[in-house]
Structures are given as structure tokens and as C-alpha cells.
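Enquirer: In case you want the letters, here they are:
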Amino acid sequence: MTESILEVTDLTLKFGGLTALDSVTFEIRKGEILGLIGPNGAGKTTCFNAITGVYPPTSGKILFQGQSLAGRKKFQITKLGIARTFQSIRLFKTMTALENVLVGTDAHAKSGLLNSLFRTPTQRHEETAAHERALELLRFMGLQRKANDLAGGLSYGDQRRLEIARAMATNPTLLCLDEPAAGFNPAEKKKLMELIRRVRDQGYTVLLIEHDMKLVMGVTDRIVVLEFGRKIAEGKPEEIRDNPAVIAAYLGVDEEDAS
Amino acid sequence: MSTMKLGKVSGVMRSFGDRVNGLSKTTKIIATVLIAFFFYILPLLEPPLISTPGSDFGAVMFTVATYALVALGLNIVVGYAGLLDLGYVGFYAVGAYTVGVLTTYHAHWPFLLVVPVAVVAAMISGVILGAPTLRVRGDYLAIVTLGFGEIVRLIANNTAWLGEAGGINQIGKPPNVEMFEVPHLNWDSGTPLLDLNDKTTVVQFGISDQIPYYWLALTIVIIVLFADRLIKDSRVGRAWEATREDEDAAELMGVPTFRYKLLAFAMGAFIGGLSGALYATKTSFINPESFVLILSILFVAAVVVGGQGNRWGVIVGAALVAYLPERFRGFEEWRILVFGVALMILATYRPEGLLPPRRTVRARQLEAEIDALEEGLDEGSPA
Numbered sequence: 198m199t200e201s202i203l204e205v206t207d208l209t210l211k212f213g214g215l216t217a218l219d220s221v222t223f224e225i226r227k228g229e230i231l232g233l234i235g236p237n238g239a240g241k242t243t244c245f246n247a248i249t250g251v252y253p254p255t256s257g258k259i260l261f262q263g264q265s266l267a268g269r270k271k272f273q274i275t276k277l278g279i280a281r282t283f284q285s286i287r288l289f290k291t292m293t294a295l296e297n298v299l300v301g302t303d304a305h306a307k308s309g310l311l312n313s314l315f316r317t318p319t320q321r322h323e324e325t326a327a328h329e330r331a332l333e334l335l336r337f338m339g340l341q342r343k344a345n346d347l348a349g350g351l352s353y354g355d356q357r358r359l360e361i362a363r364a365m366a367t368n369p370t371l372l373c374l375d376e377p378a379a380g381f382n383p384a385e386k387k388k389l390m391e392l393i394r395r396v397r398d399q400g401y402t403v404l405l406i407e408h409d410m411k412l413v414m415g416v417t418d419r420i421v422v423l424e425f426g427r428k429i430a431e432g433k434p435e436e437i438r439d440n441p442a443v444i445a446a447y448l449g450v451d452e453e454d455a456s
Numbered sequence: 015m016s017t018m019k020l021g022k023v024s025g026v027m028r029s030f031g032d033r034v035n036g037l038s039k040t041t042k043i044i045a046t047v048l049i050a051f052f053f054y055i056l057p058l059l060e061p062p063l064i065s066t067p068g069s070d071f072g073a074v075m076f077t078v079a080t081y082a083l084v085a086l087g088l089n090i091v092v093g094y095a096g097l098l099d100l101g102y103v104g105f106y107a108v109g110a111y112t113v114g115v116l117t118t119y120h121a122h123w124p125f126l127l128v129v130p131v132a133v134v135a136a137m138i139s140g141v142i143l144g145a146p147t148l149r150v151r152g153d154y155l156a157i158v159t160l161g162f163g164e165i166v167r168l169i170a171n172n173t174a175w176l177g178e179a180g181g182i183n184q185i186g187k188p189p190n191v192e193m194f195e196v197p198h199l200n201w202d203s204g205t206p207l208l209d210l211n212d213k214t215t216v217v218q219f220g221i222s223d224q225i226p227y228y229w230l231a232l233t234i235v236i237i238v239l240f241a242d243r244l245i246k247d248s249r250v251g252r253a254w255e256a257t258r259e260d261e262d263a264a265e266l267m268g269v270p271t272f273r274y275k276l277l278a279f280a281m282g283a284f285i286g287g288l289s290g291a292l293y294a295t296k297t298s299f300i301n302p303e304s305f306v307l308i309l310s311i312l313f314v315a316a317v318v319v320g321g322q323g324n325r326w327g328v329i330v331g332a333a334l335v336a337y338l339p340e341r342f343r344g345f346e347e348w349r350i351l352v353f354g355v356a357l358m359i360l361a362t363y364r365p366e367g368l369l370p371p372r373r374t375v376r377a378r379q380l381e382a383e384i385d386a387l388e389e390g391l392d393e394g395s396p397a
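Top to bottom, those sequences are chains A and B. Residue numbers for the first sequence, in this note's numbering: 198 to 456. Residue numbers for the second sequence, in this note's numbering: 15 to 397.
Hints listed in this document are in silico derivations from the structure and should not be mistaken for laboratory results. Values in this document were obtained by computation on a predicted structure and should not be read as measured data. Take these hints with a grain of salt, some might be off.
Here are the simulated EDC-like pairs of lysine to aspartate or glutamate, each with C-alpha atoms no more than 16 Å apart in a straight line [to be verified]: (1) A/Lys258 x A/Glu229; (2) A/Lys290 x B/Glu164; (3) A/Lys290 x B/Asp260; (4) A/Lys411 x A/Glu436; (5) A/Lys258 x A/Glu204; (6) A/Lys290 x B/Asp262; (7) A/Lys411 x A/Glu376; (8) A/Lys290 x B/Glu261; (9) A/Lys411 x A/Asp439; (10) A/Lys270 x B/Glu261; (11) A/Lys290 x B/Glu381; (12) A/Lys270 x B/Glu259.
Chain B extracted, bound-state conformation:
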């Protein structure tokens, strides 16, 4: 039964994808710009039901954007290259701590200068972790990376220079470019009204108003999406996929698999570090408690729930993982339980995620067709 349902759902998805591909280039560009614009103004609209009652909607949207960024990075490692990384929070922490250290009492570098340093530091940590460990496979890699995440946190916790358990305060902000103010919408009366008492300055990175940080994060997500597409749709992407499918065969077809796995790790770390840098500057305060193991698990959950291997899928997964707990803050005590149950249901009925890559869907349909043929229950599907 479940496979039949799944077949129907993915059939709809496929036709949706075909329809999108059938549009003219101009239409596609206009649609993309409109959708992007909608996401930019979403925290200003504060639509009822979607907006979060318990916490600042702008801040929640920022969290969603950073999770999306993390998911895109982890998707390269887990989804494309097929390497299970359970210590991804380590790269996130390296990015955040680099920004923390270099914009506070050790050095007062400007934020924009620190960000490249932070991502390079994260990348180097990725290579340092990957070079010895990518020789092991599967379960072992998962265990080693799990350890890495903890090691980074423990180092931060025990190094005076990194603030020990107290963490780092007053982390630098991105530069402000104040141009104009935009009012938010207010839905209190049931209809949307411009609320002139609640304005966001474009672009001022303050403390109370988180929306500019969201814009910054969203911009980076969009850039990373483009880059991800260019890389995936090339020799590099093919090498990753081949390595994931059959490492030995890939190597024998001329793919230097170790180098490509290391590259996937470095790219993942790059994006993870970027996300950590954004997090550090937004909260302006970090401590080891911000980088606990459960975050790594949540990141992997975002990728798996969304559909590993599909960049849109993992963004959906990240949005759910980051947004739902905030939306339902009222049920705080229950949310981990609900989350766990949701994961179990998903694992049973949609093991490849909410929005798996098209080819995974195709592969699954094929399998179902073959099963049906073998059982002699095939109802005239094309052979």
C-alpha cells in the first residue's frame, strides 16, 4: 500500500519538475526573483499562523536560514559523497569561535575580514579531520566524526584563550549600511495594517531587531545554492556520486576517491564554518554550550528528513527542524517526543526523506515495478 501511495505522490512531483523545466528562461528568472523577494520580506509580513507567537519571528527566520545553510553544507558530505558525518557541529563551532576570537579582546578585526578567515579555518579543520579518517568507511567514519565534534567543544571548554566555559562576549557585528526604514505588518485587527511603530532599518545590524541578520543569511544561502548547483552538475558532482555508489568501482574508473571525499569534507566544513560565523555575530555571545552534540544530530536529521542528495529537500528539512520547535513553543515539554515520533513515522513511510532527489524516486519506482512484475501483480505499467 505504502509504495503505491508513494508512487502517486512522486508522480505528481515529477510532473511538477517537468512543468518547471518547460517554462521559458525569462519566466523562470522572474519566478525565482519573486520567490526570493517573498522570502526576504517574510519576516516583515509576520503572517498569522506562520509567525511564531512565543519568540521573535525575525530571529526564528534567522535560525531557519542558518540551519538551511548548514543542511546545504552537510548535504554535500552526506547526500552527495555518502559520508556520514556526526560531528558537523565541530565546523560550525570553529567558524563561530574564529569570529569570536578575532573580533573581541584578542584582536579587533572588522567582521567582513574575519569571515574569510573563519571559513578557511573551518576548511582546514575539515581537512585535518578528513585526511586521516576518510580512509575508514561507514560506521567507523561516523564514530570518528562524532568524536571530532566533542573534541572541538571540549577544547573550547578548557582553553582560557577561548573563554573556557564562560565563552566569548561582544562579538563584532557586520557593518551597517543604513538607507531607509521599512514598517512591519500588524495583523492584530484581523486585516494587515502597516505598523509604523515597528520598523526595521535597512541595513542595521542591531541587537533587538534580528531581521537584517536574516537577510544576510538568506543572501548567503542563495549564493551557496547557486554554487552548489554549478559544482554538482559537473565532474566534481559526478565523482562524488560515483564514490557514494561504489567506491572501488569509482577508483577503478579513474576517480581519485580519497581526494574527492576530502574535497567534500572541505566544502562541507566551509559552509558549516560560514554558518557558525553568522550565528556568532548574531548572538554576539558564544560558549561551549552553544555547540553540543545534539546540534550535530539535528543537522543530520534535517538532511535525512528533507531528502539527502536534494538541495531543496534538505532546505525543507532544515526549515522544519529549526522552525517547528519554535512555532510550538507552548508544547515545549513535548516537542522532543513529538519530534522523535515524527522521525519514526517518516523513517517508516518515507525513508528517503520528504523531498528526495528525483533519481532516488525513479530508482524506487523501478524497484516497485520489478517487485510487481515478480509477484505477477503488474497492472500494465510500461515495462
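So here's chain A without its partners, still in its complex pose:
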């Protein structure tokens, strides 16, 4: 059994009277692709937001490589090694594709104002390394020719891929992808899943939110299913496929016996 890098224990998140997440517990193991699925409004993105520090949990624990994430700022969590993309694309639109990725590589840069002002060797070294890394990532995503295009002007698919490149640039251990294939046609989706597998093969651990069941079954190692903020199933894709609760959640049943 491989070590787990993220442990979510009894995570509960309430917005006023609404319980978005209700004591959800799961773990992510090193080097796997974990799928997080569920119907609309099940709490998948909320779960992402709790992990990346956007919402502080009402109760429960999130441990990343043994360290608690409670009370940490968003950028600190990124520095620890969790990066994410967004369900609705949130690139820096008036910056070039390359600059978008550079913002990601800057997450670990040490040089600040004075180093930049005086162009010290540290700064120049960091800048060169960052540019090389950024170009490498753009090449990996097939965006090398668009490095100097404005992010806002890229095609929809390129924007999605650029978001992944930007997240990878922060050099994360855990990469969280929030519906990266949303709005793609089946052929594009297949390609993207291929890409995600290659990302994992480079040594990243991937947490993937996806709607499309077929797709998720094809690419993930394990799956966690959420419904109404509660975990209703967890297991290998083939186990999930035959799980009556999951089928009920997706297709709907008359009686509320799903959980």
C-alpha cells in the first residue's frame, strides 16, 4: 500500500444553514489519479475549495503530507505543493500565455523587489530557469507556438490546457483539476485524459473532478462519489460502476435509500 499524501477527515463545511459538505473522509495516495464525482451540487468544488484554502472548514481536518492545512493562507498552501485549476477558466487574460505560466513558476522564487531592481545574479538565474521551465510546460501542453499570445485570445481548449500548465508550474505534489474537460467534445476529452495520464506519469498525483462517468472510469485509479455533500461510495472504477447507491444518485430512484 502506497503512502497517502492528502488525508481528509470528517470534513464539514456549512454556509449558514446549508451543509455543503457533511463529514467527508477520504485520502489521496501518492502517484494515483483520484476521481471525485457526483451530480451537480454534490459538493465537489466546495471540497476543492476547502483543500486549497478558499473556504476554512467548519470542522474536520485536512492533512497534506502530514501537515495540517488549517489556518494557512491560499498562497502558502500552493507553496506546500497543492495546485489547482478552475471550473470556470480563470486565466490572467491580458498577460501572455508564457507570463501566465511564469506567475506559477514564481511561486517558489526568492528574488523580490531589490533583486529585480538591481538584476542580481540570483534574480537572473531564477528568471532564466523560470523561462525554461515555463516553455517546457507550454511545449508539453502543445502551446509552445502560442507562448506570446494573450491568454484571453487563446481558443477554449488552449485556455483549459494553459490553466493546467500554470498549475503545474507551481511545482505541486498534488494537482487538482476541476472539470478540465468541461465543454469539450468526446474526441477532445479523450485526448485530455491521455494528457492527464501523462501528467501523472511525470510524478504528479492528480485529483480530478469530472462529470462524465465514462471518462472518469477510463482514467482514474480510484473514485470518490459525493452526493448532497456526503460521501456515498469509494473504490476502484469497476466497483463504483456497479454500486447501487451511485447508480441511484446518477439516475435517481423513488425512495431515498441511496445512502
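Here the structure of chain A is known, so what remains is to put chain B in place on it, guided by the hints.
Expert: The following block gives chain B in isolation, referenced to the frame of chain A:
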């Protein structure tokens, strides 16, 4: 129609930029030096049409230079980091008052020693204002900063130590390094003639001749321009832009956005304070009336009119805002009206300013292209 026109204009600008980039390094350096030299001698040339008939041209050029400096500082805050600061005059006042207090009756420090103190004081005031307020966004930040500008003025107005409404007199001058004299040109006969009765001493900071102050201010503008470029073209500049574009996403990509916003505020305050220090030493007299709210508005206008985010654009904006009212002093009663109308026209036809950053232009062209495609009116532009 307007978008089409705009597309053409920016097309020309782009090719101009490409042409400049295509020049060899030596050519660029020589051109830069020549242009800088031209601006240094401009007040000596006193060219007709450009020179101001109603007021001393040297003094007007000094005002233009200080406004340019202020615009460069405010551009960091508004243009790069996207924080609307409506109280920028506060930093300008802190810089000016520090020089005033430390070179007059409280202490008789030399000017060159006071300037670093003044900019540090302005920076500290920037951090004091920014630390609690940069947690709020957008409109709220604008209101808080607006209040800050007024608070600084009111404190000056009500503190005996700061001279109250009477202000501070006889503010210290920069040290003179008298080397030689240069004559001005005289255009009265229609052709330029050397006017040996009208000379400027290099470098003597007197009271009647304002040109040496202009030279000092211009030198500082040039230094700040270089520094601005180095900072913008680095991690710091990228962090500012990312924060402006999408603060939450930037934070999630590892940018400590609050720290960078505070840094932008401090840098802006630094430059604003520097400009205020120059103003104080030149006029040698300051009072709270020198730092009224309308100045903050004019500063923001300079940045917006010029094209926020583009250092050359904001300098053009500052030059217009400072120069035009002086050039047309004859129409004094009308100038605010004309200014307002000009702003309205600009806001309608060039909302991103006279000289917006290239990427803003590109983004806009893209938008226009997409619109055209959607309307099915696209005339074979590259997709």
C-alpha cells in the same frame, strides 16, 4: 466605426513599436540620449507655440516633470496593480511637508539629506494606509484613499508644528554647483537668436530661474523610468498584473497578493513623496491649500487619460494635464470646462487612454475580431 478607426491607429502604433525594437542597440542608446538631451534643453529653446506666453516656461516644464513623476508612481498603483487610489496627493503632501519641516525652523538639515527621509516618510505613510485598507477592494478602497488625502491635508491645517493654514516658508534649496552659464534663445524677431541677457546658470537653484529645478526633476523622472522598467519586467511586475487580473486566482497560484499590493502602495508613495519633495523645494513655500483634493483627481486623470499601465502613456497624460492649462491661460475661465469635455470625449472614443499598453490594444483588437466573426462581418482577418 470607432473600433475600426481604433484598430488602424493601434496598427500604426504597433508597427512603430516593432520598428523601435528592430533597431540595433547602439542606435537605440544614441536615440535615447538625443531625445533626453532635447528635453533637457527644451526650456532654453523656448520654441514659439510650445512655449507658454502667460507664465515662465521653465516653471511650467518643472510642473510637467513633477506631474510625470507623480503619474509614474500612481501608474504602479493604478495601472500595474489595479488599485484605485484617489488620495495620492496625501503622499505628495507627506513628501513636501517632511522637506518643509526638516529644512526650516525645526531643523536646518541640508536638502540632500532630507530627501531620503521624505521618501521614507511617504513610504511609511503608504504602508500605514495600505496595511488596513488593502483588505477591501474596488470602490471601498477608492473611498478610503480619498479620505486619506483629506486627512493629511486637515492634519497639516490644524497642527501648529506644521504651520497650520499659514504653511511653511523658506524651505531649503538643493546645493548649487555653479559651473557655467547658458543663454536662452529669443524668437522675437522670427528667427532664433541667442539672448545674452537671459542666461541660466548651471546649476544654480535660485528663485527667479526655475530651469535648474526642471533639470533635477527630469533627471529623477529618467531614473524612475529605468527602475520602473526593471521592476515591471520581473517577478514583481508579473505578480502585480496577475493580482490586477484575478486576485483570487493569483493567490491560488502562489502570489502573496496582499504583500504585493502593499508593495505597490509603498512604491507609489515613494515616488509621490519624491515628487512632493521637489515641489516643496522649488516653491520654497507650502501650505495646506497646495494639496487639495482636486490634485488627486488630476493625478488619476493624468494616468487614465495617458493610458494606465503604459509608462510612456501616463507621462503623456501628465504632460497634457499639467501643460495645457498653462498654455491656454488666456482662457482661464473656460479651461476646467474644456478639460471636462475633453475627458468625456476621450472616455467615449479611447476608454483605455491615449497611449494604452500594447497588450490592452491587442486584447481589444481580439475582442473586435471576435465580435466581427460573431456578426459574420469579418473581412478575412487572420483567425
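Enquirer: All hints are to be evaluated individually against the structure, with a verdict given for each.
Expert: We went through each hint and held it up to the structure:
1. The hinted pair formed by lysine 258 of chain A and glutamate 229 of chain A fails the criterion: a straight-line CA distance of about 21 Å is larger than 16 Å.
2. A distance of roughly 36 Å separates the Cα atoms of lysine 290 of chain A and glutamate 164 of chain B; the hinted pair therefore is violated under the 16 Å criterion.
3. Taken as a hint, the lysine 290 of chain A and aspartate 260 of chain B pair is honoured in the structure, with Cα atoms around 9 Å apart against an allowance of 16 Å.
4. The hinted pair formed by lysine 411 of chain A and glutamate 436 of chain A meets the criterion: a straight-line CA distance of about 14 Å does not exceed 16 Å.
5. A C-alpha spacing of about 8 Å is found between lysine 258 of chain A and glutamate 204 of chain A, which places the hinted pair at or below 16 Å, so the restraint holds.
6. Of the pairs offered as hints, the one joining lysine 290 of chain A and aspartate 262 of chain B holds, with about 14 Å between alpha carbons and a cut-off of 16 Å not exceeded.
7. Under the criterion of a C-alpha separation no larger than 16 Å, the hint pairing lysine 411 of chain A with glutamate 376 of chain A is consistent with the structure, at around 14 Å.
8. Under the criterion of a C-alpha separation no larger than 16 Å, the hint pairing lysine 290 of chain A with glutamate 261 of chain B is consistent with the structure, at around 12 Å.
9. As the CA atoms of lysine 411 of chain A and aspartate 439 of chain A are separated by approximately 13 Å, the hinted pair is consistent with the 16 Å bound.
10. Between lysine 270 of chain A and glutamate 261 of chain B the CA atoms are separated by roughly 13 Å; this keeps the pair inside 16 Å, and the hint holds.
11. About 12 Å separates the Cα atoms of lysine 290 of chain A and glutamate 381 of chain B, which keeps this hinted pair within 16 Å; it holds.
12. A C-alpha spacing of about 20 Å is found between lysine 270 of chain A and glutamate 259 of chain B, which places the hinted pair above 16 Å, so the restraint is violated.
Consistency with the previously given hints fails for numbers 1, 2 and 12, ordered from lowest to highest.
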